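Engineer: Taken in order, these protein sequences are the chains called A and B. Quick note: the first sequence uses numbering that gives the first Met the number 0, first residue 0, plus one each step. Quick note: the second sequence uses numbering that gives the first Met the number 0, first residue 0, plus one each step.
Quick caveat, the hints were computed from the structure, so don't treat them as lab data. It should be emphasised that the depicted structure is a prediction, and the values quoted were computed from it without experimental measurement. C-beta atoms are modelled at their ideal positions from N, C-alpha and C, and glycine is treated no differently. Among these hints, one or two may not hold up.
Said to hold, decoys possible - Selected chain A positions facing chain B (Cβ under 10 Å, derived; list incomplete):
# : residue
1 : Met0
2 : Asn5
3 : Ala11
4 : Leu50
5 : Gly53
6 : Gly64
To be verified - Short, incomplete list of chain A residues facing chain B, as computed with Cβ under 10 Å:
#  : residue
7  : Leu2
8  : Val32
9  : Leu35
10 : Arg45
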Amino acid sequence: MKLTVNGEAYEARQAESVAALLEEMGIGGRAVVVVLNDEVIPASTRSTCGLREGDCVDLFRLVGGG
Amino acid sequence: MKRQGKIRDEWIVGGHRFSSRLLMGTGKFQDAETMAGAVLASGTQIVTVALRRVGRIPQEDDMLGPLQQLGGITLMPNTSGARNASEAIRAARLGRDLSGSPFVKVEIHPNPHHLMPDPIETFEAARVLAAEGFVVMPYMPADPVLAKRLEDVGCASLMPLGSAIGSGHGLATAEMLRLILRDARIPVIVDAGLRSPSEAAAALEMGCDAVLVNSAVAASGDPIAMAAAFAQAVEAGRTAHRAGLMPRGGGAALATSPLTAFLSVEGP
């Protein structure tokens, strides 16, 4: 399934949900906020929130900054 | 005479009470361990963090973990990277989701050469976010007119720059800061430009409520020791402000010791 993740083309192997995509990308356990097609997906609905061909996913986290 | 105990000297921002008057940024540190050590040594209670997209291969240190282990730290996500108000508002909402904190440092500096805050976009973002219930802490030019406007739209504090971000030029805006302090009814925090602890002390002596430092600590020879030095300087400056500086002399010197000519032979 072709997705756009953080502005780049991404070929998801088997991710059918947001939670599965995070697992596939190796960031399942990290504190990230997920924005799917400009809408924030709460952590509680990640495993039930399905992905469709062409979806845009943006993932953000907190880093050091001043 | 009885020795005075330490007086409780707290300050309140957006309804939240703090005793440390040193805010710390967490950027530019060599590693998360040094950052956490400096935060601990500084005694700070408010630290800034930034929002970034997750890289394809996550490799940066986890910043949140070490900070959360310290306890007693309020996170203040910034909106760095936003070029206008709408990007800053979006970043603020994402930062709140990630940090669970209502604090936001509104930071909009579109020109990478000088990183000066855009007053118009900053005002607009602050207005919207304050109405949404954020504790809005705007990084702003040291402009007393803008300061009043930001206060009027519900900002929790004012964070005027001492000099350009990361420049280490100290309190270049001192005269403007005095004008801001004269009229402000919310805390004034000098954010950006400080290099040495003596500059932080000077800001507190002048009447600023707090200072925010990052590069001054992170880019110093020994960040943990420097964080401790800033903590002491901020405390000294605040104590001096409360004590009240002596009046300046009118140009002539005033002796501190009696000037009686005790060496000359006194008459019978």
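Engineer: It remains to establish, for every hint, whether it holds in the given structure.
Structural biologist: Do the hints match the structure? See the list:
no.: 1; hint: Met0; in the structure: 17 Å, violated
no.: 2; hint: Asn5; in the structure: 5 Å, holds
no.: 3; hint: Ala11; in the structure: 13 Å, violated
no.: 4; hint: Leu50; in the structure: 16 Å, violated
no.: 5; hint: Gly53; in the structure: 19 Å, violated
no.: 6; hint: Gly64; in the structure: 2 Å, holds
no.: 7; hint: Leu2; in the structure: 13 Å, violated
no.: 8; hint: Val32; in the structure: 5 Å, holds
no.: 9; hint: Leu35; in the structure: 13 Å, violated
no.: 10; hint: Arg45; in the structure: 13 Å, violated
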